[in-house]
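*Asks:* Listed below are the residues making up each chain.
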Amino acid sequence: MTCQLFALTLIFALPLGLIISFGTMSKLRPLRTVMKTVVWIVRGVPLMLQIFIVYYVPGFIGLETIDRFPAALIAFVINYACYFSEIYRAGIEAVPVGQTEAGLVLGMTRYQIFTRVTLQQVIKRIVPPMGNEIITLVKDTALARVISVIEITRKAELFADKAIIWPLFYTALFYLVFVGALTLLFGYIEKSQSYYKI
Amino acid sequence: MPILEVNNLIKNFGSTKVLKGISFTVEKGEVLAIIGSSGSGKTTLLRCMNYLETPDAGSITVNGEPYFDVELNKSLSEGELRAKRLHFGLVFQSFNLFPQYTVTDNILLASLLLESEKLKARLKRKEIGKTEYRAEKSRMRSKLMGTASALLEKVGLTDKADFYPCQLSGGQQQRAAIARALALTPDILCFDEPTSALDPELTGEVLKVIRGLKSGDSTMIVVTHEMEFAASVADKVIFMSGGVIEEQGSPAEVFGSPKSPALKSFLGKKKF
Ligand SMILES: Nc1ncnc2c1ncn2[C@@H]1O[C@H](COP(=O)(O)OP(=O)(O)OP(=O)(O)O)[C@@H](O)[C@H]1O
Ligand SMILES: [Mg+2]
Numbered sequence: 001m002t003c004q005l006f007a008l009t010l011i012f013a014l015p016l017g018l019i020i021s022f023g024t025m026s027k028l029r030p031l032r033t034v035m036k037t038v039v040w041i042v043r044g045v046p047l048m049l050q051i052f053i054v055y056y057v058p059g060f061i062g063l064e065t066i067d068r069f070p071a072a073l074i075a076f077v078i079n080y081a082c083y084f085s086e087i088y089r090a091g092i093e094a095v096p097v098g099q100t101e102a103g104l105v106l107g108m109t110r111y112q113i114f115t116r117v118t119l120q121q122v123i124k125r126i127v128p129p130m131g132n133e134i135i136t137l138v139k140d141t142a143l144a145r146v147i148s149v150i151e152i153t154r155k156a157e158l159f160a161d162k163a164i165i166w167p168l169f170y171t172a173l174f175y176l177v178f179v180g181a182l183t184l185l186f187g188y189i190e191k192s193q194s195y196y197k198i
Numbered sequence: 001m002p003i004l005e006v007n008n009l010i011k012n013f014g015s016t017k018v019l020k021g022i023s024f025t026v027e028k029g030e031v032l033a034i035i036g037s038s039g040s041g042k043t044t045l046l047r048c049m050n051y052l053e054t055p056d057a058g059s060i061t062v063n064g065e066p067y068f069d070v071e072l073n074k075s076l077s078e079g080e081l082r083a084k085r086l087h088f089g090l091v092f093q094s095f096n097l098f099p100q101y102t103v104t105d106n107i108l109l110a111s112l113l114l115e116s117e118k119l120k121a122r123l124k125r126k127e128i129g130k131t132e133y134r135a136e137k138s139r140m141r142s143k144l145m146g147t148a149s150a151l152l153e154k155v156g157l158t159d160k161a162d163f164y165p166c167q168l169s170g171g172q173q174q175r176a177a178i179a180r181a182l183a184l185t186p187d188i189l190c191f192d193e194p195t196s197a198l199d200p201e202l203t204g205e206v207l208k209v210i211r212g213l214k215s216g217d218s219t220m221i222v223v224t225h226e227m228e229f230a231a232s233v234a235d236k237v238i239f240m241s242g243g244v245i246e247e248q249g250s251p252a253e254v255f256g257s258p259k260s261p262a263l264k265s266f267l268g269k270k271k272f
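First to last, the protein sequences are chains A and B. All letters in the first sequence, in the order written, are residues 1 to 198 by the numbering used here. All letters in the second sequence, in the order written, are residues 1 to 272 by the numbering used here.
One or more hints might be untrue.
To be verified - To spell it out: a stretch of chain A is covered by chain B in this simulated footprint if at least three of its residues, at any positions, have a beta carbon under 8 Å from a beta carbon of chain B; those stretches are:
| # | stretch |
| --- | --- |
| 1 | 94 to 104 |
| 2 | 109 to 119 |
| 3 | 187 to 198 |
Just so you know, these hints were derived from the structure itself, not from any lab. Just so you know, even glycine gets a beta-carbon here, dropped at the ideal spot from N, CA and C.
Just need the whole structure built from these sequences, with the hints factored in.
*Replies:* Okay, structure coming up:
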């Protein structure tokens, strides 16, 4: 469950975050205001509460209730997409306008400029903060238990209730290995981008 | 017929009037130097000519064809605007090289994209077949590579072809940026204070390259604070002050016998 939640959250939240970041940078003021407010609320409310809300609120207002796992997944995707959107936004805004202007003057289209010039520089900039956020996600998956999704920590606890303490240590070890692998991966990506400076 | 005619160009930023009716002409092969104190609108003028700002009124004509007027530019499609803007090239004060590409790739990127598009369009219109397309593509590539290395030689960077911008000095970066702008063969190449971001000992090499470009068929507009350079390389000098052209003429006229008090005091402040 933990790995599934982690992987699915990333698959949905990474692109959704990019779309949200375009919204918060939009030239259309109403759209920008709405998106910024959404990001503010989602980042301002504890994830645990958001999981509760997605799981229980549809039932309260007479809609069909959502199963435990999808409910947790939806809450995670929305929450992380908003965090990612801020990272994207910072990354995109950090690319000097001179880069776009140089491309325009050379007759490149805006699409070509984004894909050939801006995007690589954004990726280089956001790898470290993305790495941090994704590592937090690994550990946040433990929160899914609040609506009784049996993720790994909950499973260990069930054993611990029977006075078997080792599973809790194994769980800690699991997180360490998971995070360690991700750290190596992000280190590698960062290094692969280090042939140039911005 | 002049290659460039600028007519009563006006540009405001909100309530700030930056260009208050600029008119001048440039002949083919001429070098025009634009001088003037900080904030007089020199950069804004170059940006208007390169479609980076949209003037509020006035017109620009290139080779006798309309290049800018407010109504015309609203009606032009994205593609037509792109084709028109290639009449001009711009070298920035801060170089703006693409950091993730080598010097060669910086020079190649835009022309490669442009030429591939043209080829793809021909393939789509079925003017050429698949095999022909591939052959044409590799021929186009090697032709552009040839152009790139010729340009590198022109700016004296042959040995830096595979370097990234971060591995170059400021002067080398600016020379690479000049080569990049030349790759698109603009009719008129603009320079916005090309040496202002450089250490004094590096300005010489860049000015030398620009001087070397002066020839029968390359028309250039150079905004500069290097008065000696302007005096020696320009065919015509424009002095801007507060959004208007205060004075214009040959270098001898502008530097030798300035008439307006503004120009006199401007030149007085420069060690010249
Ligand atoms: N995007 C903008 N928004 C508002 N005002 C602007 C903008 N760009 C330029 N200006 C204003 O227009 C005026 C002219 O600026 P411009 O950069 O064209 O001057 P310049 O002659 O190039 O000066 P310098 O020698 O310092 O480069 C300045 O007062 C500047 O504050
Ligand atoms: Mg300027």
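*Asks:* Does each hint hold? Answer for all of them.
*Replies:* Verification of the hints:
{"no.": "1", "hint": "94 to 104", "result": "holds (count 7)"}
{"no.": "2", "hint": "109 to 119", "result": "holds (count 4)"}
{"no.": "3", "hint": "187 to 198", "result": "holds (count 4)"}
Of the hints listed earlier, there is not a single one the structure fails to meet.
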